[in-house]
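Enquirer: Residue numbers (my numbering), protein chains in the order written: chain A, 1 to 108; chain B, 1001 to 1115.
A hint or two may mislead.
[What the hints assert, rightly or not] Covered stretches of chain B (in silico footprint by chain A; criterion: 3 or more residues with CB under 8 Å from a CB of chain A, positions within the stretch not fixed):
{"hint": "1", "region": "1008-1015"}
{"hint": "2", "region": "1032-1042"}
[Stated by the list, open to error] Calculated lysine-lysine pairs in the DSS-like style (CA-CA distance at most 25 Å, straight line):
{"hint": "3", "chain 1": "B", "residue 1": "Lys1057", "chain 2": "A", "residue 2": "Lys95"}
{"hint": "4", "chain 1": "A", "residue 1": "Lys56", "chain 2": "A", "residue 2": "Lys95"}
{"hint": "5", "chain 1": "A", "residue 1": "Lys95", "chain 2": "B", "residue 2": "Lys1071"}
{"hint": "6", "chain 1": "A", "residue 1": "Lys95", "chain 2": "B", "residue 2": "Lys1014"}
{"hint": "7", "chain 1": "B", "residue 1": "Lys1083", "chain 2": "B", "residue 2": "Lys1071"}
{"hint": "8", "chain 1": "B", "residue 1": "Lys1009", "chain 2": "B", "residue 2": "Lys1070"}
{"hint": "9", "chain 1": "B", "residue 1": "Lys1070", "chain 2": "A", "residue 2": "Lys36"}
{"hint": "10", "chain 1": "B", "residue 1": "Lys1009", "chain 2": "B", "residue 2": "Lys1057"}
{"hint": "11", "chain 1": "A", "residue 1": "Lys36", "chain 2": "A", "residue 2": "Lys70"}
Hints in this document: simulated from the structure, not taken from any laboratory.
Every residue, glycine too, gets a C-beta built ideally from N, C-alpha and C.
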Amino acid sequence: GQQVMQIPQYQHVQEGEDFTTYCNSSTTLSNIQWYKQRPGGHPVFLIQLVKSGEVKKQKRLTFQFGEAKKNSSLHITATQTTDVGTYFCAGGAQKLVFGQGTRLTINP
Amino acid sequence: DGGITQSPKYLFRKEGQNVTLSCEQNLNHDAMYWYRQDPGQGLRLIYYSQIVNDFQKGDIAEGYSVSREKKESFPLTVTSAQKNPTAFYLCASSIEGFWGTGELFFGEGSRLTVL
């Protein structure tokens, strides 16, 4: 079945450093979504990418969708303590499949 | 305020007991979903419903049951047949079903611990 792999599983950074998480699918995705889950909280939608090669920005967050629509990345510039949490990608054709998530911790 | 309400937030049960988790939404969304989250893992789909009176098994449906008698409600029953029920359960809804491109709105979750 369709699989969505996300790496790394954990990332610890110093505040102010950049952070990137990668998402790879075994099959072509019709779209990719990104969610953030704060510790003890529930996932909250960040963004959706639909077009091949699409790049979207939200302040310090940059989201990319690969040309082949099989991979995606989320990059955070100059992390802040409010960025702490687990970031999930989710993609699919007929069903939405979630990656395992990347847990980001930050040393202030 | 529109949103998804899950209850209870925390639940403790003895092994062998059935448990029903409630999920109610007032977003007027057609599609609703149940996910299971285990520590360090992603979200795994248990069941989903794209319309009232219809629901489909997800990837890990064994030991679970659902109903969708009303658009607003999608309760999940964790039966005694579920071998490892201790987990964090998340309910979600979306305007469209999986074939659409709508975002998922999640409830705050129900943490079930089986003793």
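Enquirer: Against each hint, give a clear statement of whether it holds in the structure.
Expert: Each hint tested on the structure:
1. 1008-1015: violated (count 0)
2. 1032-1042: holds (count 4)
3. B:Lys1057 with A:Lys95: 12 Å, holds
4. A:Lys56 with A:Lys95: 23 Å, holds
5. A:Lys95 with B:Lys1071: At roughly 21 Å apart (the allowed maximum being 25 Å), lysine 1071 (chain B) and lysine 95 (chain A) satisfy the hint.
6. A:Lys95 with B:Lys1014: Given pair lysine 95 (chain A), lysine 1014 (chain B) is violated - Cα atoms ~34 Å apart, limit 25 Å.
7. B:Lys1083 with B:Lys1071: Given that 25 Å is the threshold and the Cα spacing comes to 30 Å, the pair is violated.
8. B:Lys1009 with B:Lys1070: 22 Å, holds
9. B:Lys1070 with A:Lys36: 29 Å, violated
10. B:Lys1009 with B:Lys1057: 24 Å, holds
11. A:Lys36 with A:Lys70: 21 Å, holds
Checked against the numbered hints above, the structure violates hints 1, 6, 7 and 9; every other hint is satisfied.
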